[in-house]
Amino acid sequence: MTNPPAPPTSQAVRPAIGLLAGIGVALLLIAVGTVVAGVFTLHGADALTKPFPAGYVWGKLAAAAVGALAGGFTTSRITAGRSLFTVVVLALILFVAAAGPAVRGAGAFPNDPTWFPLTLAAVELLGVLVGGAVERALESRGAA
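Its first residue numbered 2, the sequence shown is counted upward by one per residue in our numbering.
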(Lines of atoms letter the chains of each structure in order from A; the text may use other names.)
(Lines give C-alpha, C1' and ligand atoms only; values in the text may rest on other atoms or scores of the structure.)
Protein backbone atom coordinates (compact mmCIF):
# COMPACT_ATOMS: atom_id res chain seq x y z
CA MET A 2 0.00 0.00 0.00
CA THR A 3 1.31 3.45 -0.81
CA ASN A 4 0.82 6.56 1.24
CA PRO A 5 -1.64 9.09 -0.12
CA PRO A 6 -0.12 12.36 -1.34
CA ALA A 7 0.22 15.11 1.22
CA PRO A 8 -2.54 17.71 1.06
CA PRO A 9 -1.47 21.06 -0.37
CA THR A 10 -0.50 23.67 2.18
CA SER A 11 -0.87 27.41 2.14
CA GLN A 12 2.06 29.39 0.72
CA ALA A 13 2.73 30.91 4.15
CA VAL A 14 2.54 27.77 6.30
CA ARG A 15 5.84 26.10 5.39
CA PRO A 16 7.95 29.28 5.68
CA ALA A 17 6.31 30.12 9.02
CA ILE A 18 6.96 26.63 10.36
CA GLY A 19 10.52 26.75 9.03
CA LEU A 20 11.16 30.10 10.69
CA LEU A 21 9.75 28.98 14.03
CA ALA A 22 11.66 25.71 13.91
CA GLY A 23 14.90 27.50 13.04
CA ILE A 24 14.45 29.93 15.92
CA GLY A 25 13.67 27.07 18.30
CA VAL A 26 16.66 24.97 17.25
CA ALA A 27 19.03 27.94 17.37
CA LEU A 28 17.89 29.16 20.78
CA LEU A 29 17.90 25.68 22.28
CA LEU A 30 21.46 24.97 21.19
CA ILE A 31 22.68 28.44 22.16
CA ALA A 32 21.12 28.11 25.63
CA VAL A 33 22.52 24.63 26.23
CA GLY A 34 25.96 25.64 24.98
CA THR A 35 26.00 28.74 27.18
CA VAL A 36 25.05 26.69 30.24
CA VAL A 37 27.74 24.11 29.48
CA ALA A 38 30.34 26.87 29.01
CA GLY A 39 29.27 28.40 32.32
CA VAL A 40 29.46 25.12 34.20
CA PHE A 41 33.05 24.58 33.09
CA THR A 42 34.36 28.13 33.44
CA LEU A 43 32.38 30.12 36.01
CA HIS A 44 33.25 29.24 39.60
CA GLY A 45 32.48 30.89 42.89
CA ALA A 46 29.71 33.06 44.22
CA ASP A 47 31.09 36.22 42.61
CA ALA A 48 31.57 34.74 39.12
CA LEU A 49 28.84 36.90 37.61
CA THR A 50 30.08 40.14 39.18
CA LYS A 51 33.54 40.28 37.60
CA PRO A 52 34.68 40.10 33.96
CA PHE A 53 33.98 36.73 32.41
CA PRO A 54 36.92 34.39 31.75
CA ALA A 55 38.00 33.94 28.14
CA GLY A 56 36.83 30.32 28.11
CA TYR A 57 33.28 31.37 28.87
CA VAL A 58 33.27 34.13 26.25
CA TRP A 59 34.62 31.81 23.55
CA GLY A 60 32.23 29.06 24.70
CA LYS A 61 29.28 31.42 24.22
CA LEU A 62 30.54 32.33 20.73
CA ALA A 63 30.97 28.65 19.84
CA ALA A 64 27.45 27.89 21.10
CA ALA A 65 26.10 30.80 19.06
CA ALA A 66 27.87 29.55 15.94
CA VAL A 67 26.60 25.98 16.33
CA GLY A 68 23.07 27.15 17.15
CA ALA A 69 22.97 29.55 14.22
CA LEU A 70 24.30 26.94 11.79
CA ALA A 71 21.73 24.40 12.97
CA GLY A 72 18.92 26.96 12.90
CA GLY A 73 19.77 28.03 9.35
CA PHE A 74 20.08 24.41 8.25
CA THR A 75 16.71 23.52 9.82
CA THR A 76 14.91 26.48 8.28
CA SER A 77 16.41 25.75 4.88
CA ARG A 78 15.47 22.06 5.11
CA ILE A 79 11.85 22.80 6.00
CA THR A 80 11.53 25.41 3.25
CA ALA A 81 13.23 23.21 0.63
CA GLY A 82 12.14 24.05 -2.90
CA ARG A 83 11.58 27.69 -2.00
CA SER A 84 13.88 30.70 -1.97
CA LEU A 85 16.33 31.40 0.84
CA PHE A 86 14.20 34.36 1.93
CA THR A 87 13.06 32.64 5.14
CA VAL A 88 16.67 31.83 6.02
CA VAL A 89 17.60 35.49 5.52
CA VAL A 90 14.70 36.52 7.78
CA LEU A 91 15.96 34.14 10.48
CA ALA A 92 19.47 35.56 10.13
CA LEU A 93 18.15 39.09 10.55
CA ILE A 94 16.05 38.14 13.58
CA LEU A 95 19.04 36.60 15.37
CA PHE A 96 21.29 39.48 14.31
CA VAL A 97 18.92 42.13 15.66
CA ALA A 98 18.35 40.17 18.87
CA ALA A 99 22.10 40.03 19.51
CA ALA A 100 23.01 43.50 18.27
CA GLY A 101 20.10 45.33 19.88
CA PRO A 102 21.51 45.47 23.41
CA ALA A 103 24.93 46.50 22.06
CA VAL A 104 23.44 49.38 20.10
CA ARG A 105 21.49 50.60 23.14
CA GLY A 106 24.75 51.51 24.84
CA ALA A 107 27.31 50.53 27.40
CA GLY A 108 26.18 48.36 30.24
CA ALA A 109 24.17 45.91 28.16
CA PHE A 110 26.95 43.32 28.51
CA PRO A 111 28.83 44.58 31.59
CA ASN A 112 30.98 41.48 32.17
CA ASP A 113 31.82 40.70 28.54
CA PRO A 114 34.65 42.26 26.54
CA THR A 115 33.69 45.34 24.55
CA TRP A 116 34.04 43.51 21.25
CA PHE A 117 31.73 40.65 22.25
CA PRO A 118 28.18 41.93 21.49
CA LEU A 119 28.77 42.87 17.87
CA THR A 120 30.95 39.80 17.31
CA LEU A 121 28.10 37.65 18.64
CA ALA A 122 25.67 39.35 16.27
CA ALA A 123 27.98 38.80 13.28
CA VAL A 124 28.58 35.14 14.22
CA GLU A 125 24.85 34.50 14.40
CA LEU A 126 24.14 36.29 11.12
CA LEU A 127 26.85 34.44 9.22
CA GLY A 128 26.09 31.13 10.94
CA VAL A 129 22.46 31.12 9.82
CA LEU A 130 23.37 32.07 6.25
CA VAL A 131 26.10 29.42 6.05
CA GLY A 132 23.83 26.76 7.58
CA GLY A 133 21.11 27.53 5.03
CA ALA A 134 23.58 27.55 2.15
CA VAL A 135 25.09 24.22 3.23
CA GLU A 136 21.66 22.60 3.34
CA ARG A 137 20.80 23.92 -0.13
CA ALA A 138 24.15 22.70 -1.48
CA LEU A 139 23.54 19.25 -0.02
CA GLU A 140 20.01 19.29 -1.42
CA SER A 141 21.17 20.21 -4.92
CA ARG A 142 23.98 17.64 -4.79
CA GLY A 143 21.48 14.93 -3.83
CA ALA A 144 19.07 15.99 -6.59
CA ALA A 145 21.75 15.92 -9.28
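Simulated from the structure, these hints should not be mistaken for laboratory data. All of these numbers come straight from a predicted model, not from anything done at the bench. Where is the CB? At the ideal position from N, CA and C, for every residue including glycine. Do not rely on the hints blindly, as some may be mistaken.
Unchecked claim - Label-pair distances were calculated between CB atoms; the ranges are:
1. V135 x R15: 39 to 49 Å
2. A98 x A55: 21 to 31 Å
3. A46 x R15: 22 to 32 Å
4. V131 x K51: 25 to 35 Å
5. L139 x A48: 17 to 27 Å
6. V40 x F86: 14 to 24 Å
### Query
Can you name, in rising order, the numbers of the hints this structure does not satisfy?
1, 3, 5, 6
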